[in-house]
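Asks: In UniProt numbering, the protein residues as written are 1 to 269.
Since the hints were derived computationally from the structure, they do not count as laboratory data. Be aware that a few hints might be false.
[Said to hold, decoys possible] So the derived label-pair ranges between C-beta atoms look like this:
id: 1; residue 1: 155; residue 2: 116; range: 34 to 40 Å
id: 2; residue 1: 197; residue 2: 93; range: 31 to 37 Å
id: 3; residue 1: 116; residue 2: 152; range: 34 to 40 Å
id: 4; residue 1: 198; residue 2: 150; range: 24 to 30 Å
id: 5; residue 1: 94; residue 2: 221; range: 29 to 35 Å
id: 6; residue 1: 86; residue 2: 205; range: 40 to 46 Å
id: 7; residue 1: 161; residue 2: 132; range: 31 to 37 Å
[To be verified] Calculated lysine to aspartate or glutamate pairs in the DMTMM-like style (CA-CA distance at most 25 Å, straight line):
id: 8; residue 1: 159; residue 2: 143
id: 9; residue 1: 159; residue 2: 215
id: 10; residue 1: 159; residue 2: 148
id: 11; residue 1: 156; residue 2: 125
id: 12; residue 1: 160; residue 2: 125
id: 13; residue 1: 156; residue 2: 206
id: 14; residue 1: 157; residue 2: 215
id: 15; residue 1: 157; residue 2: 93
id: 16; residue 1: 159; residue 2: 113
id: 17; residue 1: 160; residue 2: 93
id: 18; residue 1: 157; residue 2: 125
id: 19; residue 1: 159; residue 2: 188
id: 20; residue 1: 157; residue 2: 188
The C-beta atom is built at its ideal place from N, Cα and C for all residues, glycine as well.
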Amino acid sequence: AELSRAEPRGTEARVVAVRSRGGRTRPTRHQAEPEMLARAERPRPGPRPPLISPFSVPPPSLLLLLLVMLSAPVWGRVPRSVPRTSLPISEADSYLTRFAAPRTYNYSALLVDPASHTLYVGARDSIFALPLPFSGERPRRIDWMVPEAHRQNCRKKGKKEDECHNFIQILAIANASHLLTCGTFAFDPKCGVIDVSSFQQVERLESGRGKCPFEPAQRSAAVMAGEWGETRTGDSGPNDLLPHPCCLSFCVLSSLGMSTTFTSPLSLS
Numbered sequence: 001a002e003l004s005r006a007e008p009r010g011t012e013a014r015v016v017a018v019r020s021r022g023g024r025t026r027p028t029r030h031q032a033e034p035e036m037l038a039r040a041e042r043p044r045p046g047p048r049p050p051l052i053s054p055f056s057v058p059p060p061s062l063l064l065l066l067l068v069m070l071s072a073p074v075w076g077r078v079p080r081s082v083p084r085t086s087l088p089i090s091e092a093d094s095y096l097t098r099f100a101a102p103r104t105y106n107y108s109a110l111l112v113d114p115a116s117h118t119l120y121v122g123a124r125d126s127i128f129a130l131p132l133p134f135s136g137e138r139p140r141r142i143d144w145m146v147p148e149a150h151r152q153n154c155r156k157k158g159k160k161e162d163e164c165h166n167f168i169q170i171l172a173i174a175n176a177s178h179l180l181t182c183g184t185f186a187f188d189p190k191c192g193v194i195d196v197s198s199f200q201q202v203e204r205l206e207s208g209r210g211k212c213p214f215e216p217a218q219r220s221a222a223v224m225a226g227e228w229g230e231t232r233t234g235d236s237g238p239n240d241l242l243p244h245p246c247c248l249s250f251c252v253l254s255s256l257g258m259s260t261t262f263t264s265p266l267s268l269s
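Can you make the complete structure from the sequences, with help from the hints?
Replies: Spelled out as structure tokens, the structure:
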């Protein structure tokens with residue numbers, strides 16, 4: 001018998017035939033059919049149907065479940081005492097205790113001491129100590145004003161009268177018994193410490209340049225690194241104190257769009 005193959009144009013299937021002695025031709029099914037099936041399984045050229053992700057379109061039942069969960073009351077899971085993000089001032093008046101001292105302006109520095117439950121407030125020429133919770137009683141006060149001669153020098157430099165004051169810019173806890181404070185001091189910054197037990201005056205003044213802004217409009221933040229009041233080892237004797245922590249002061253010059261970080265030791269001896 002003679003074997004013959006026919007590959008017609010335009011078709012993918014191959015026909016394998018066997019020519020017998022009588023001249024008749026019959027296909028061999030055990031050869032032609034598997035090859036045709038293999039050809040039929042190949043993808044035909046052309047645009048493919050888009051793949052549908054299981055996460056692209058959620059089923060209606062899942063959408064309904066999400067809507068029910070979002071609209072259901074949450075009182076059982078969230079406490080009712082969650083604070084609101086905003087509150088009209090007219091509604092807040094009944095919950096707030098106000099504090100204002102006569103002829104005192106520019107409350108610019110705030111410090112909370114959790115150990116003593118005290119709120120320290122720095123203003124223009126004054127520092128206050130308010131007990132917490134505050135119920136309206138008269139707070140303790142320190143007046144830290146600029147001498148008149150110093151204010152005259154400030155005005156001679158072309159500064160405005162309202163700017164030639166001591167605007168408290170920094171309040172920080174130096175140790176368990178003292179506070180660190182710095183003020184603009186009529187464009188000549190000064191720093192000092194306050195004994196919190198007596199709270200009478202600012203002591204051990206030194207220059208605040210590099211720690212405190214010159215102008216009241218400049219904003220600043222300070223962090224005490226180390227504890228003030230360690231024993232000094234030097235020529236001053238063993239009983240002298242070493243007020244040399246590191247005061248990190250961050251001043252923001254809003255008018256110029258700049259920021260400057262100062263790092264300097266605090267020497268209040």
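Asks: State for each hint whether it applies.
Replies: Going down the list of hints, with the structure as the test:
Hint check: residue 155 to residue 116, Cβ distance near 39 Å, so the stated range 34 to 40 Å holds. The beta-carbon spacing between residue 197 and residue 93, approximately 35 Å, falls within the hinted interval of 31 to 37 Å. Between residue 116 and residue 152, the C-beta spacing of about 39 Å keeps the proposed range 34 to 40 Å intact. Between residue 198 and residue 150 the beta carbons are some 25 Å apart, a value that agrees with the proposed interval 24 to 30 Å.
Residue 94 and residue 221 have their C-beta atoms about 33 Å apart, which keeps the hinted 29 to 35 Å range intact. For residue 86 and residue 205, the Cβ-Cβ distance of about 43 Å falls inside the hinted range of 40 to 46 Å, so the restraint holds. Between residue 161 and residue 132 the C-beta distance comes to about 35 Å, which sits within the given range of 31 to 37 Å. Taking the CA atoms of residue 159 and residue 143, the gap is about 22 Å. The hint holds against a cut of 25 Å.
Pair hint residue 159 plus residue 215 holds up; C-alpha atoms about 10 Å apart against a cutoff of 25 Å. Of the pairs offered as hints, the one joining residue 159 and residue 148 holds, with about 14 Å between alpha carbons and a cut-off of 25 Å not exceeded. For the hint linking residue 156 to residue 125, the alpha-carbon distance of about 20 Å falls within 25 Å, and the restraint holds. Simply put, residue 160 and residue 125 have alpha-carbon atoms about 16 Å apart, close enough for the 25 Å limit, and the pair holds.
Among the hinted pairs, residue 156 with residue 206 is consistent with the structure: their alpha-carbon atoms are about 23 Å apart, no more than 25 Å. Proposed proximity of residue 157 and residue 215 is supported: the alpha carbons are some 13 Å apart, at most 25 Å. At roughly 43 Å between alpha-carbon atoms, residue 157 and residue 93 are farther apart than 25 Å, so this suggested pair is violated. For the proposed pair residue 159 and residue 113, the alpha carbon gap of about 35 Å is over 25 Å, so the pair is violated.
For the given pair, residue 160 sits about 35 Å from residue 93 by alpha-carbon distance, which is inconsistent with the 25 Å threshold. This hinted pair checks out: residue 157 and residue 125 have alpha carbons roughly 20 Å apart, not beyond 25 Å. About 12 Å separates the Cα atoms of residue 159 and residue 188, which keeps this hinted pair within 25 Å; it holds. Restraint check: the Cα-Cα separation between residue 157 and residue 188 comes to about 12 Å, which is no more than 25 Å; the hinted pair holds.
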